[in-house]
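Asks: Below are the chains, spelled out letter by letter.
Protein chains: 2
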Amino acid sequence: MNEKDVFDLQGFLPYILNQAAERASLEFQTYYKSRYGMLRTEWRVLFHLGRYGRMQAKEICQRARIHKTKVSRAVSALEHKRLLSRTDLPEDRRGEYLMLTTRGGQVFGDLCQEAQRFDANMLRDFTLEEQTVLRRVLIKLAQF
Amino acid sequence: MNEKDVFDLQGFLPYILNQAAERASLEFQTYYKSRYGMLRTEWRVLFHLGRYGRMQAKEICQRARIHKTKVSRAVSALEHKRLLSRTDLPEDRRGEYLMLTTRGGQVFGDLCQEAQRFDANMLRDFTLEEQTVLRRVLIKLAQF
DNA sequence: CCTTGTTAGTTACAAAAGCAACTATTACGC
DNA sequence: GCGTAATAGTTGCTTTTGTAACTAACAAGG
Numbered sequence: 001m002n003e004k005d006v007f008d009l010q011g012f013l014p015y016i017l018n019q020a021a022e023r024a025s026l027e028f029q030t031y032y033k034s035r036y037g038m039l040r041t042e043w044r045v046l047f048h049l050g051r052y053g054r055m056q057a058k059e060i061c062q063r064a065r066i067h068k069t070k071v072s073r074a075v076s077a078l079e080h081k082r083l084l085s086r087t088d089l090p091e092d093r094r095g096e097y098l099m100l101t102t103r104g105g106q107v108f109g110d111l112c113q114e115a116q117r118f119d120a121n122m123l124r125d126f127t128l129e130e131q132t133v134l135r136r137v138l139i140k141l142a143q144f
Numbered sequence: 001m002n003e004k005d006v007f008d009l010q011g012f013l014p015y016i017l018n019q020a021a022e023r024a025s026l027e028f029q030t031y032y033k034s035r036y037g038m039l040r041t042e043w044r045v046l047f048h049l050g051r052y053g054r055m056q057a058k059e060i061c062q063r064a065r066i067h068k069t070k071v072s073r074a075v076s077a078l079e080h081k082r083l084l085s086r087t088d089l090p091e092d093r094r095g096e097y098l099m100l101t102t103r104g105g106q107v108f109g110d111l112c113q114e115a116q117r118f119d120a121n122m123l124r125d126f127t128l129e130e131q132t133v134l135r136r137v138l139i140k141l142a143q144f
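Residue numbers (full-length UniProt numbering), protein chains in the order written: chain A, 1 to 144; chain B, 1 to 144.
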C-alpha cells in the first residue's frame, strides 16, 4: 500500500466505512450461511428476536431499520426453517407476534457465541481506548 | 432508546459497523444518483479513476475490492454516459486502459466537493481525537 | 354507521448483485 | 512450437434487493 492509498481511504469516510463493514459482514456471513443457510436479513431478525424476545415485525423494522418487505421475507424464511413461530395478536388482527422456537433459540445461542469470538478477534489488535472510541463513534453515526 | 438497545449495538461490531456504513452510503447516494444517475459501483469506479488517473479494470478490482463483473458493468455504464473512455493496451491486447473524459473529470470534481462537505458534516460532532482514532481503526479494519 | 385515512404485512414486478461459464489473449513448461 | 494453464474482461442466468401496489384490519370525524 502506497501513500496515495492511505490518502484515498482517509479522504472519504463513507468509503472506508463501507470497506470495513463489508469485510466484517462477509466474514461473519460464513457462519450463519454455511451452518444454517441463513441470509443476512434472516440473521438480523433472528438476532433481534433472540436478544429482545417476542415482538411484532414492525418493531424489528424500527429497531433494525430494515424495510418491511425484507423483514417479511426473512420471517417467512425463518418460519420455513422452523426457527421462528407466529401467533395472532389478540388486540389487533392485522399484526402478529414473532418469537423464536426452541431450535431458533439454540441457533441464536450458537451464533451469539461465534459473534462474540468474532468481535474479540476483530478488535484484537486495538487498544482498549481505540475500541471504546470506535464503539462510541459508530453508535452515534448509526443513529439517524 | 433503552439499556438493552445500547447493549445490543455495543454487543456486535459488524452490526453497528453496517448500520453506520449503510446510513452514510444511502445519504451520499442521493448526490450521484439524482445528479448523474449513477450507481454505487459507478461512483466508486469514477472515484478511483479520478483520484489515481488512468488504469486498467483489474487495478480497480484490486484497489477497491470489487468483483470484475461489477466493474465491467460499471465501466460500460460510465462509458455510455460519456464519463469514461477506453483505449487498447499496446502491450497486451486482452486489457484496456480506462480514463475519465473531460466531463468525467468535471463530475468527479463536483462529487469530490460534495464528498468533502459530507465528510465534514458527518464528523462535525466528534473531537479531533475521535476522528483520528476512527480513521485509523477503520483503515486497519478495511485491510484484509 | 360510513367515509376517509392510516397501519401491518404480503405480493408482484423491476433493478441490481452474485456466480459460473465463456471468449480472447498471453505465459509457461517441456 | 505446442499443449496447458493463467489472465482480462464479458455475458447469461440465478438469487436478492428495492419499489410500488395491494389486502385486510383498525381509527377517527362527522
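The hints are simulated quantities; they were obtained by calculation from the structure and are not laboratory data.
It is possible that part of the hints are untrue.
Copies of the same chain look alike in the list, so a pair counts if it fits in one copy or across any two.
Unchecked claim - Below are the DSBU-like pairs computed for lysine-lysine, each with C-alpha atoms no more than 30 Å apart in a straight line:
# : residue 1 : residue 2
1 : Lys140    : Lys81
2 : Lys58     : Lys33
3 : Lys68     : Lys58
Predicted model, so just to flag it, every value in this text is computed and none were measured.
Asks: I want to check one pair: lysine 58 and lysine 33. Are their C-alpha atoms no more than 30 Å apart within a copy, between two copies, both, or neither?
Replies: both (25 Å within a copy, 29 Å between copies)
Asks: Please sort lysine 140 with lysine 81 into within, between, both or neither, judging by C-alpha distance up to 30 Å.
Replies: neither (35 Å within a copy, 37 Å between copies)
Asks: Please work out whether the CA atoms of lysine 68 and lysine 58 approach to 30 Å or closer within one copy, between two copies, in both situations, or in neither?
Replies: Within one copy, since 7 Å is at most 30 Å while 38 Å is not.
Checked against the numbered hints listed earlier, the structure breaks hint 1 alone; every other hint is satisfied.
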